[in-house]
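So the protein lines, in turn, are chains A and B. Residues in the first sequence are numbered from 1 upward in steps of one, following our numbering. Residues in the second sequence are numbered from 54 upward in steps of one, following our numbering.
Hints may contain errors.
Unchecked claim - Simulated pairs of lysine-lysine, DSS-like, Cα-Cα distance not exceeding 27 Å: (1) B:K254 <-> B:K406; (2) B:K379 <-> A:K46; (3) B:K440 <-> B:K254; (4) B:K383 <-> B:K258; (5) B:K331 <-> B:K298; (6) B:K98 <-> B:K124; (7) B:K298 <-> A:K3; (8) B:K258 <-> A:K46; (9) B:K379 <-> A:K3; (10) B:K254 <-> B:K298; (11) A:K3 <-> B:K254; (12) A:K46 <-> A:K3; (13) B:K254 <-> B:K124; (14) B:K396 <-> A:K46; (15) B:K396 <-> B:K406; (16) B:K383 <-> B:K406; (17) B:K331 <-> B:K258; (18) B:K409 <-> A:K46; (19) A:K3 <-> B:K98; (20) A:K3 <-> B:K255; (21) B:K406 <-> A:K3; (22) B:K331 <-> A:K46; (23) B:K255 <-> B:K406; (24) A:K46 <-> B:K254; (25) B:K379 <-> B:K406.
These are calculated hints, taken from the structure and not from any lab test.
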Amino acid sequence: MHKWICMACDYIYDPEAGDPDSGIPPGTPFEDIPADWICPNCGVGKDLFEPYG
Amino acid sequence: MNPRRIRDNIWAVGTIDWDRRLFDDLIPLPEGTSYNSYLLKGSEKTALIDGVDPAVEQVLLDNLRSLGVEKLDYIISNHAEQDHSGAIPAVLEAWPESMVVTNPRCAGMLTDHLHLPEERFILKDDGETLSLGDWTLQFFLAPFVHWPETQFTWLTEEKILFTGDFLGSHQATSDLFVRDEAGTLFGAKRYYAEIMMPYRKKFPKYLDRIDGLAPEIIATTHGPIYDRPASILEAYREWSSDEVKNEAVVAYVSMHDTTAKMAGHLINALIDRGVRVKVHNLTGVDVGELAIDLVDAATVVWASPIVGVGPHPNAAYAAFLANVLKPKVKYTAVIGSYGWGGKMVEQLLGLLKNLKVEVLDPVMVKGFPREEDFASLDGLADTIAGKHRAEGLL
Ligand SMILES: [Fe+2]
Ligand SMILES: [Fe+2]
Ligand SMILES: [Zn+2]
């Protein structure tokens, strides 16, 4: 599964870890995250993430 | 400002703002600034690259008319921010056949900010081109220099790159091309520090792409044009790298001269140990200069008295600003004096969560510092010099 990076703050979404604090369980591919999810670090939307690595 | 010829059929048509003294209601502009806009008269099509601040849009319109622009085909928007896009509605109105050419994200933001009609856009994605007849424009996405929609426009045949705000300089000058290189670089550093620095990790990739194009000229939206772009590219390489310098910023504020005495002692102790020191009194500070000094520094020391039970608000303001600007500083420490207690150290450090710093032991003194307190400041200077030495900076 691919990692994604927040273009605004450089937070890296790692699908292995998910984002449990925002209700995204470990193992969730970025594509499957709900559209209203925001960067847990800086608050911008999914559209400002790009594939990382 | 009247139109100025860059090359045959290529004109600077923007404006110089000699009087502007504050940008974004935040950063002082001792040298003023400019809003650059460029006109390309191709053999078939005429294109304008970026607009100007809406306050001076009439100058842009007059410049285009004085150059005999009867038909304007394209307005290329490299950046949706109002100091460059604000004049676009007036241009669209004056040249009703003209179309805004930009990437989809920028089109969305122009629509958000200026309520431009959808039918006036031509969308171009990364790497796509636009023909002006004898010339070809190519567009490169460069997100977050310094908004998400930013892009570069490459005039292929002339090897001219239009980079929007990226590499720009806050400098009002009559020089069309950079002739006071030190002045332009300082204005560029002011600009970088305020708006580019938070996104610096993306820049090496963009600089590689620019190097690959090998532009003869780089024309930005602020400041004079680079006809010898090597030095600004080199400066951006250095500023955006992870390399820090043997510099400590000491940012202080003092109510009864007690914290100032502590800061003064630390400053001297650092100088004695070979550390370069950049000092800012946070009362009445030029935050642009503070930001400039944060670009390269390895260490920042915050010196503040406790006001009530927390930091002096001027120190909190500066720390908040530093947290937004995300400099590459590696070490930080808090020093200060207090009368009865408080949580200043925790509160100031809590404002710096974005900084990837090692926090050095604070030196907090009840009342006026005694001999052992000055010794603690010497100890802090030893620690800072030791860290710089371990980094190979000293
Ligand atoms: Fe901008
Ligand atoms: Fe700008
Ligand atoms: Zn983010």
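Evaluation of the provided hints:
1. Restraint check for K254 of chain B and K406 of chain B: satisfied, since their Cα atoms lie roughly 18 Å apart, inside the 27 Å limit.
2. Distance hint between K379 of chain B and K46 of chain A is fulfilled; the C-alpha atoms sit about 22 Å from each other, no more than 27 Å.
3. Of the supplied pair hints, the one linking K440 of chain B and K254 of chain B holds, its CA atoms being roughly 24 Å apart against a limit of 27 Å.
4. For the hint linking K383 of chain B to K258 of chain B, the alpha-carbon distance of about 23 Å falls within 27 Å, and the restraint holds.
5. This hinted pair checks out: K331 of chain B and K298 of chain B have alpha carbons roughly 12 Å apart, not beyond 27 Å.
6. Between K98 of chain B and K124 of chain B the CA atoms are separated by roughly 8 Å; this keeps the pair inside 27 Å, and the hint holds.
7. Our distance criterion of 27 Å between C-alpha atoms is broken by K298 of chain B and K3 of chain A, whose separation comes to about 32 Å.
8. A threshold of 27 Å between alpha carbons decides the hint, and for K258 of chain B with K46 of chain A the separation of about 22 Å falls inside it, so the pair holds.
9. In summary, the hint linking K379 of chain B to K3 of chain A is supported, as the alpha carbons are separated by about 23 Å, within the 27 Å threshold.
10. Restraint check: the Cα-Cα separation between K254 of chain B and K298 of chain B comes to about 18 Å, which is no more than 27 Å; the hinted pair holds.
11. Our distance criterion of 27 Å between C-alpha atoms is met by K3 of chain A and K254 of chain B, whose separation comes to about 17 Å.
12. Between the alpha carbons of K46 of chain A and K3 of chain A the distance comes to roughly 13 Å, so the proposed pair stays at or under 27 Å and holds.
13. At roughly 41 Å between alpha-carbon atoms, K254 of chain B and K124 of chain B are farther apart than 27 Å, so this suggested pair is violated.
14. For the hint linking K396 of chain B to K46 of chain A, the alpha-carbon distance of about 37 Å lies beyond 27 Å, and the restraint is violated.
15. In summary, the hint linking K396 of chain B to K406 of chain B is supported, as the alpha carbons are separated by about 16 Å, within the 27 Å threshold.
16. Pair hint K383 of chain B plus K406 of chain B holds up; C-alpha atoms about 13 Å apart against a cutoff of 27 Å.
17. A hinted pair counts as satisfied when its Cα atoms are at most 27 Å apart, and K331 of chain B with K258 of chain B does not qualify at roughly 30 Å.
18. For the hint linking K409 of chain B to K46 of chain A, the alpha-carbon distance of about 24 Å falls within 27 Å, and the restraint holds.
19. In summary, the hint linking K3 of chain A to K98 of chain B is not supported, as the alpha carbons are separated by about 43 Å, beyond the 27 Å threshold.
20. Taken as a hint, the K3 of chain A and K255 of chain B pair is honoured in the structure, with Cα atoms around 17 Å apart against an allowance of 27 Å.
21. Of the pairs offered as hints, the one joining K406 of chain B and K3 of chain A holds, with about 23 Å between alpha carbons and a cut-off of 27 Å not exceeded.
22. Between K331 of chain B and K46 of chain A the CA atoms are separated by roughly 40 Å; this puts the pair beyond 27 Å, and the hint is violated.
23. Proximity of K255 of chain B to K406 of chain B is assessed by CA-CA distance (about 20 Å); at most 27 Å being required, the pair is judged to hold.
24. Of the pairs offered as hints, the one joining K46 of chain A and K254 of chain B holds, with about 20 Å between alpha carbons and a cut-off of 27 Å not exceeded.
25. Restraint check for K379 of chain B and K406 of chain B: the C-alpha separation of about 10 Å stays at or below 27 Å, so the hint holds.
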